[in-house]
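Sequences listed follow chains W and V, in order.
Here the first sequence is numbered in my numbering, starting from 1 and rising by one per residue.
Here the second sequence is numbered in my numbering, starting from 1 and rising by one per residue.
Among the clues, some could well be false.
Claimed, not checked - Stretch-level coverage of chain W by chain V, calculated; a stretch enters the list once three of its residues show a Cβ under 8 Å from a Cβ in chain V: (1) 14-26; (2) 60-74; (3) 104-118; (4) 199-206.
Stated by the list, open to error - The following residues of chain V were derived to be distant from chain W, with all beta-carbon distances above 10 Å: (5) Arg31; (6) Arg92; (7) Cys132; (8) Gly285; (9) Ser308; (10) Lys401; (11) Pro478.
Everything labelled a hint here was simulated from the structure, so no lab data went into it.
Every residue gets a Cβ at the ideal spot worked out from N, C-alpha and C, and that includes glycine.
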Amino acid sequence: MIGESRLLSVLSKMVRRSRADAVSVCAHAKTRQVFRFAHEAIHQNLIQEEANIIVKVIQEHRIGLASAQTLDTLSLNRCVKAAQEIAAHCPSRNGLPHLPEKHRIRFLEDYDLETEKTSAGACVATLKRLFHLCKGAGSELAGSLVTGVDEFAVVNSSGVSCYSASTLAGIKLVTLYRQLSGYASGVARRWKDLPIDSLLQQSLKQVLHQQDPISLPVGTYEVILEPEAVADLVTWLSTIAFGAKSVEERMSFLAGRMGDTVCDPQITIVDDGTDPSGLRMPFDFEGVPKQRVVLIDEGKAAGLVYDSHYAQRFNHPSTGHALPPDEVEGPLPLHLAMNPANSSLAQMIRSCQRGLLIPRFHYVNGLLNQRETLMTGLTREGTFLIEDGKMRQPVRTMRFTQGLMEALSQLRAISKERRLIANPSEDLGCAVMPALHLAKFKFTGRSES
Amino acid sequence: MSANRLVKSARARPVFKNLDLPCDLVTDLVRSLARRGVDYADVRFERHLHESLLVEQGKASSISLSESSGMGIRVLAKGSWGFACTPHLAPRSIQKTATRAIDLAQASVMLNRRVSPLAAVRAVKAIHRSPCEIDPFDVPLSKKLDYLLWANTTLLGPDSIQRASTHMDSYKRHKLFCSTEGSLIEQQIIECGAGLEVVAQHGNETQLRSFPNSHHGALAQAGFEYVKQLDLVGGAKRAQQEVLQLLRAPTPRSNTTTIILDPTQVVMQLHESCGHPTELDRVLGQELSYAGGSFLSPECLGQLRYGSPAVNIVADATIPGGVGSFGFDDEGVPAQRTELVHAGLFVGYLSSRESAARLQLSSSSGAMRAESWNGPPLVRMTNVNLEAGEATLEELLRDIKNGYLLSTNKSWSIDDRRLNFQFTTEIGWEITNGKLGAIIKNPLYTGITPTFWGRCTGVGRPEDWRLWGVPNCAKGEPMQLMHVGHGASYARFDGVTVAPAR
Chain W
1 MIGESRLLSV LSKMVRRSRA DAVSVCAHAK TRQVFRFAHE AIHQNLIQEE
51 ANIIVKVIQE HRIGLASAQT LDTLSLNRCV KAAQEIAAHC PSRNGLPHLP
101 EKHRIRFLED YDLETEKTSA GACVATLKRL FHLCKGAGSE LAGSLVTGVD
151 EFAVVNSSGV SCYSASTLAG IKLVTLYRQL SGYASGVARR WKDLPIDSLL
201 QQSLKQVLHQ QDPISLPVGT YEVILEPEAV ADLVTWLSTI AFGAKSVEER
251 MSFLAGRMGD TVCDPQITIV DDGTDPSGLR MPFDFEGVPK QRVVLIDEGK
301 AAGLVYDSHY AQRFNHPSTG HALPPDEVEG PLPLHLAMNP ANSSLAQMIR
351 SCQRGLLIPR FHYVNGLLNQ RETLMTGLTR EGTFLIEDGK MRQPVRTMRF
401 TQGLMEALSQ LRAISKERRL IANPSEDLGC AVMPALHLAK FKFTGRSES
Chain V
1 MSANRLVKSA RARPVFKNLD LPCDLVTDLV RSLARRGVDY ADVRFERHLH
51 ESLLVEQGKA SSISLSESSG MGIRVLAKGS WGFACTPHLA PRSIQKTATR
101 AIDLAQASVM LNRRVSPLAA VRAVKAIHRS PCEIDPFDVP LSKKLDYLLW
151 ANTTLLGPDS IQRASTHMDS YKRHKLFCST EGSLIEQQII ECGAGLEVVA
201 QHGNETQLRS FPNSHHGALA QAGFEYVKQL DLVGGAKRAQ QEVLQLLRAP
251 TPRSNTTTII LDPTQVVMQL HESCGHPTEL DRVLGQELSY AGGSFLSPEC
301 LGQLRYGSPA VNIVADATIP GGVGSFGFDD EGVPAQRTEL VHAGLFVGYL
351 SSRESAARLQ LSSSSGAMRA ESWNGPPLVR MTNVNLEAGE ATLEELLRDI
401 KNGYLLSTNK SWSIDDRRLN FQFTTEIGWE ITNGKLGAII KNPLYTGITP
451 TFWGRCTGVG RPEDWRLWGV PNCAKGEPMQ LMHVGHGASY ARFDGVTVAP
501 AR
């Protein structure tokens, strides 16, 4: 961990060093300790430590961007110089937004020293115990275990100075038994909050069945989507629909539809970088505090996320959703949440006549027809046929091709319980999702040859 | 073999003097690791430069330069791996990082019982440089921007155009690899590429067209000369016409029919349904928690009919210009041309020294690649190519009564064992009685990998064969984005399920 004083000092020096009209420097420093394992062995273990510093200079209405993956003074000097040179050669642009002003944020609530200091020995001992439990159950185990630290900082020439530090721990457990595989994952800010044993039991529960998996005909099925499957879909939706850029380019299904009913009125989707149940991040890469944005409000198209560039274009305040300045995707929501209701997974299963229980999807793609939110993807581990309110048999891999908003318009129930879904190996993004019971979901293929 | 040629060329030059790489630091570190009793260690220093230019709506909207350098240390101790990395080259940082890598490996020993043998590789001292006539970092920024602006403004005009973007990317990578087995390898790889995207909208209809390929696929190990020959301005005119036509085009009928994939779409077909399932680490279960497994289990090797006799697929890291080419992989194994599918039969894997040894293969296929200094190498694609056949496009079309020609990938998805795939493309053309007809929008096709390739009834001639890049192949935890290459000509498939994406 670099630490608040050192990181802010490095960034402040870069701001002072630049002689541009305006300058903003952001940093993301991270450490990840990762163990990947399969078939009674750890096949990859690593410690990754890096700091990515991006400087944006504005000089006479010209922007230059440069980045460096180091805190080395000489390299950072070169980085500032490169940004200035780029700006000097760049065509000028009228109407550039002003840099955000005077936000000063310090946020350390999600940092846990014990998690940062989790030793390799402790991780391997945990895995050894899990392997032992799996062996006892007659199952094999594969997966990954991650601990890490993230530090974000932004300093600019208009008085912004923001810093946050947080830790995280995560695990993915794939259990294998005969023809079946099971899956469970968890992520938490603190190592001790990771429910490792219950996750293993959840994964084992999916595989320790006497029945072999069956193949079902393609067609439309009732589905119960567990939180991770919901997150797979809603995260794709967020990348194609909820950013101001996709609306400006008319690629988003929300273009021209604000205020329209787009799905069942029980559905409310928000982005909230301040929600403690998610992996919160209090400010964006411009140093603007994160706003809670209601994207879908009781079934109606309600809002978009903005950075300072699109805020100016849409005459709307920034919502604190700027990505790193060298990203070209425009602002995106990274802390999605769907409001819970009052059902439960058990109630959903009991009320299902004939349908599928789906824990997660594989390889979802939402680029088929973005205006219709048409997505495809596949079932993976732990998919079960439900008949007459009971889980009957595991089901082999099936492919869906389905308009998501159409599916969300045929809602049966939303669970009260929600889960935090995130990939701890990755830099950004999380979703806090309930389970959903949908009346119709179209399956268009199977995986057998 | 080209690897021998590379070694010879290295001996003919003054090695390790040109690139300002920390050669002494790296070799000293490897010697110190050897003294600390590891079974094996390698150290990889890398320095990367990436320039990215984006022009949107007639204006330069993003110009960025990123620089990154550091050292990755990989050790094998008592059969377990450990990897640690640092951007700091001060002796204290390096020794601390080395200790971390050793500690990680030793911690795993309490769980790992199986020793990881490594397939043998000959130690070499070598240098490799990718072909480059005009270093893109020497070309004035204004010249590159002018070119993008010219193409970009060609896209603008009609009211229906919602977005016009043109982009150019240049990469320069210096790598220095040193192992306890005595290899010392220096490589310089330069890549350059460019392209455009145009989005048009009319009423509720929005369409997208890219040129020369989607997903930044026009990328080559070459200099600025590659970008100059792409003819973005000429391509912009065609892309604009096609995107406007797509707004009013019909969708394909849902049926089972014959399709011809143009090389831009064969790229994604190869990538997803051949490249990934032949990665041996996936086969061994090492990607189960993220990318998935593979249907090409070890008993399939040399036995499974993957495709028709027209299908010959190779992984070729020696081909000039491919973004999956190199002199040596990140384990010091020479670049190779490996047959994956021969006359339809599955015959080879992409492998590492460790995974090759696990299967008792004679050697690694030289496919261990890391995105950068801060990640360990993984089994990755190199240039996975469908070898050219003999047919012209006219000959492939000739006996098709009804079908579609599909071009330029739009969406992609395949199951975790790489069997059931589904793709959509940006554009298609009807084929009727052997002739190309009207444009169709939103075409979708789907299939099962060996069934689909088994119905390959023709592959295009070498004159239409072209190498493309996929610069965003994701794999691993933490995810590493790799540049991989795919070469292809046209390919024809019978009995394919086609539908409109709606």
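Hint numbers not upheld by this structure, sorted from lowest to highest: Result: hints 1, 3, 4, 8, 11 break, sorted rising.
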